[in-house]
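Asks: The residues making up each chain are set out below.
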Amino acid sequence: MADGILVKQLNAWFGAAHVLKDIDLSVTPGGLTAIIGPSGCGKSTFVRCLNRMHEVIPGARATGTVLLEGDDLYAQDPVVIRRRVGMVFQKANPFPTMSVFDNAVAGIRLAGVRNRARLREAAERALRQAALWDEVKDQLGRSGASLSGGQQQRLCIARALAVEPSVLLMDEPCSALDPIATAKIEELMLDLRRHLTIVIVTHNMQQAARVSEWTAFFLMGELIEMGVTKELFTTPRDSRTEAYITGRFG
Amino acid sequence: MTTRGRHVKSAAIGGLTAVAALVVVTPLLLVFGFLLYQGAAAVNLDFFTHLPKPVGEVGGGMANAIVGSLILLALAAALGLPLGILGGMYLAESQDRRLPLILRFLADVLNGVPSIVIGIFAYTVLVLPMRRFSALAGGFALAVIMVPIVLRTTEEMLRLVPRTLREAGLGLGLSRWKVAVRVVLPTARAGIVTGVMVSIARVAGETAPLLFTAFGNRFWHGGLDQPIAALPLQIFAYAIAPYDDWHRQAWAGALVLIGLVFVVSLAARVATRGRYSAAR
Amino acid sequence: MERHFEADLQTVRERLLAMGGVAESMIRQSVQALVGRDESQVQAVLAHEEQMDLLCIEIDDRCFTLLALQAPLASDLRFLVGGIKINSDLERIADQAVSIALRAQGLITQPEVKPLIDIPRMATLAQDMVRQSLDAFVRRDAELARRVIEADDEVDSLRDQVFRELLVYMMADTATIPRALALILISRHLERIADHATNIAEDVIYIVRGEDVRERGDKELRKGLRIAAH
Chain A
234 MADGILVKQL
244 NAWFGAAHVL
254 KDIDLSVTPG
264 GLTAIIGPSG
274 CGKSTFVRCL
284 NRMHEVIPGA
294 RATGTVLLEG
304 DDLYAQDPVV
314 IRRRVGMVFQ
324 KANPFPTMSV
334 FDNAVAGIRL
344 AGVRNRARLR
354 EAAERALRQA
364 ALWDEVKDQL
374 GRSGASLSGG
384 QQQRLCIARA
394 LAVEPSVLLM
404 DEPCSALDPI
414 ATAKIEELML
424 DLRRHLTIVI
434 VTHNMQQAAR
444 VSEWTAFFLM
454 GELIEMGVTK
464 ELFTTPRDSR
474 TEAYITGRFG
Chain B
692 MTTRGRHVKS
702 AAIGGLTAVA
712 ALVVVTPLLL
722 VFGFLLYQGA
732 AAVNLDFFTH
742 LPKPVGEVGG
752 GMANAIVGSL
762 ILLALAAALG
772 LPLGILGGMY
782 LAESQDRRLP
792 LILRFLADVL
802 NGVPSIVIGI
812 FAYTVLVLPM
822 RRFSALAGGF
832 ALAVIMVPIV
842 LRTTEEMLRL
852 VPRTLREAGL
862 GLGLSRWKVA
872 VRVVLPTARA
882 GIVTGVMVSI
892 ARVAGETAPL
902 LFTAFGNRFW
912 HGGLDQPIAA
922 LPLQIFAYAI
932 APYDDWHRQA
942 WAGALVLIGL
952 VFVVSLAARV
962 ATRGRYSAAR
Chain C
8 MERHFEADLQ
18 TVRERLLAMG
28 GVAESMIRQS
38 VQALVGRDES
48 QVQAVLAHEE
58 QMDLLCIEID
68 DRCFTLLALQ
78 APLASDLRFL
88 VGGIKINSDL
98 ERIADQAVSI
108 ALRAQGLITQ
118 PEVKPLIDIP
128 RMATLAQDMV
138 RQSLDAFVRR
148 DAELARRVIE
158 ADDEVDSLRD
168 QVFRELLVYM
178 MADTATIPRA
188 LALILISRHL
198 ERIADHATNI
208 AEDVIYIVRG
218 EDVRERGDKE
228 LRKGLRIAAH
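Line by line, the protein sequences are chains A, B and C.
For what it's worth, the numbering used here labels the leading residue of the first sequence as 234, then goes sequentially.
For what it's worth, the numbering used here labels the leading residue of the second sequence as 692, then goes sequentially.
For what it's worth, the numbering used here labels the leading residue of the third sequence as 8, then goes sequentially.
It should be emphasised that the hints constitute simulated quantities derived from the structure, not laboratory data.
Here the structure is a predicted model, which is why all the values come from computation and not from measurement.
Yeah, the Cβ is synthetic: ideal placement off N, Cα and C, and Gly gets one too.
Hints may be right or wrong, so weigh each one.
Listed below are the simulated EDC-like cross-link pairs for lysine to aspartate or glutamate, each with C-alpha atoms no more than 20 angstroms apart in a straight line [to be verified]:
1. B:Lys869 - A:Asp310
2. A:Lys254 - C:Glu65
3. A:Lys417 - C:Glu65
4. A:Lys417 - C:Asp67
5. A:Lys241 - A:Asp257
6. C:Lys92 - C:Asp148
7. A:Lys463 - C:Asp148
8. A:Lys463 - C:Asp67
Residues from chain A shown here face chain C by an in silico Cβ test under 7 angstroms; the list is partial [as the list claims (entries may be wrong)]:
9. Phe247
10. Arg426
11. Met438
12. Thr467
13. Pro469
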């Protein structure tokens, strides 16, 4: 079950700094949308506004409308929102005091699920979806932090998937990983879409070209252009997009 | 600088740091050694099981003082630890601007208040209304000393937990307090336990506040609302007395006191070790 | 690890094969129109032309998209670049077949100049070369591709033979000149088809081995290079 997101006139601030300006954009359900742009363009901030993690930072605020299948995210309890819109972060952050199994089910267990059978089933399902099951199925009791970097990130993906969100946000999920681990996660992304809407922030344009169906280009807090990935990368409409993609600036 | 010069300098600094470490450890070893030397002879089974003998008689022990110290520590912990840890959690997690600042300042001030003043405070608040000295008052005074230590170290340890872990918890759709209790607290467990042990070690040896709260007792205490013996008090009383036998018992008491703190620390470490320690 | 990209490459492979199959049919049908004096075959060839154009555009677009979005390297890159070139050669082959069919159409109603032996032989050879070059492409068989390149010589000599024979007829009876010329031109078209099949074979060798074996002097030099490479 994948949901679409409609963003209208989204503005965001860090204190007095206006970091997102009048963003209007639509995320297609069941698709993979990439957000690209140079450092500081607001792409991470944008994505964090989609699951209301932006406002967690002291001094940060956002205005505008974000609709998830018609529901106004900013009119609901953020805790509930974050169960529908999951997130994977740049640096893998498995809970260090928990085992692989505990990490995988942390989201549902800490929310109150106690039934051991349900937890086991959820863990296996999530770890399989994250293409990690075969590597850890005999060592579920291992510390979450004892896995390799790529495995840790897949564990974080499993942890997010276990909550069964309808949208998964990924904030530069591969930037701390080597090419092979990155390739595994990219294949994973391609497998996950359809029954999940994915939004990925990446500073690696080739990655956006490889995996996404739609791409949005942000620059200095503004949405410059958004379109079907193939068109954006071969015949961009805006000259700034072309300059960024061809590497002629920043 | 030449390679040789660099090596010489490196070795010199290395040597200096080793010497510094030795200088720090030496007093600890000397004290312990001295205590062992002076007190080991008097530490026997009687010491742990008998009550003090009447004035002038040889022999007897400090059983009541040992038990009394343990009871006072337990009371102090029961009162002080929850307050300190919860307070530390509040200071670390709160996003309020003013209140945490004030609290922190007050805690630091309280930390610096002489323990005898805290004793007087406890005397006024508990002993006078109750019209008697009591273990409760002693425990209360010790708790007041413990709270700022536990509070500040808990806060510091919680702050050391990386923000990314909190974000991970929040990102899963967990409420802030759940993240604080089930994710952040366990991760900081080792550090918090250290803070707790430091505070216990500190209050275990406090004598002044107990002078007019627990007061001391030659016999077993009759209840928590009665005066109670404590090792520091007993050591004090014996040390200033003119009897050699009591002097020896005072040394033994000091040795046992340090041993007590050591055992409690060890037990706390063992009891709270997690299966996986947080990488720090 | 099965790559999603592999599925995309496989699709390009399949589309090129489909295109090759249509090209082969067009060659056969165009010569059949001539030999069998069959108007319906001419129409069949013209119908296929449109199909070929669409395939050509589709394959170019697929290859271009994959190059743009996947930034392929090594064998994947050679495959896609080679694929674009093969696509172009197949399209030219189709054009040549259409030209043959149109000339054949003009000859259907006219009497025969001479029994047709060499031209059908050339057509068979050209068809085989196209099919084998595409087989070599699918099987990544550089050896088979090399044999296709060598087969070009026979087609060239058949073209020369057709020319010499028809020249005799033209000198004997000037009335046969228009028809004989048409036949000579048809043989030229078939020879061009064989050349394009040779190009495809060269592209296959590039894809498989990364070697560029295009003509760089005369045929003898090329033969020498091939012998040296083994």
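Asks: Take the hints in turn and mark each one as holding or not.
Replies: Hint check:
Among the hinted pairs, Lys869 of chain B with Asp310 of chain A is consistent with the structure: their alpha-carbon atoms are about 15 angstroms apart, no more than 20 angstroms. With a CA separation close to 40 angstroms, the supplied pair Lys254 of chain A and Glu65 of chain C exceeds the 20 angstroms bound. The suggested pairing of Lys417 of chain A with Glu65 of chain C is violated, with an alpha-carbon distance near 30 angstroms, which exceeds 20 angstroms. Distance restraint check for Lys417 of chain A and Asp67 of chain C: the Cα-Cα separation of roughly 29 angstroms exceeds the 20 angstroms cut-off, and the hinted pair is therefore not satisfied.
Distance hint between Lys241 of chain A and Asp257 of chain A is fulfilled; the C-alpha atoms sit about 5 angstroms from each other, no more than 20 angstroms. Restraint check for Lys92 of chain C and Asp148 of chain C: satisfied, since their Cα atoms lie roughly 18 angstroms apart, inside the 20 angstroms limit. Note on Lys463 of chain A and Asp148 of chain C: the hinted pairing is violated, with a Cα-Cα distance of about 33 angstroms set against a maximum of 20 angstroms. About 14 angstroms separates the Cα atoms of Lys463 of chain A and Asp67 of chain C, which keeps this hinted pair within 20 angstroms; it holds.
For Phe247 of chain A, the interface hint is violated, since its Cβ never comes within 7 angstroms of a Cβ in chain C; the closest pair sits about 34 angstroms apart. Because the closest C-beta pair between Arg426 of chain A and chain C is about 11 angstroms apart, greater than 7 angstroms, the hint is violated. A cut of 7 angstroms between beta carbons decides the hint on Met438 of chain A: the least distance to chain C is about 9 angstroms, and the hint is violated. The beta carbon of Thr467 of chain A comes within 5 angstroms of a beta carbon in chain C, closer than 7 angstroms, and the hint placing it at the interface holds.
Because the beta carbon of Pro469 of chain A sits about 12 angstroms from the nearest beta carbon in chain C, more than 7 angstroms, this interface hint is broken.
Going down the numbered hints, you'll see the structure goes against 2, 3, 4, 7, 9, 10, 11 and 13, while the others check out.
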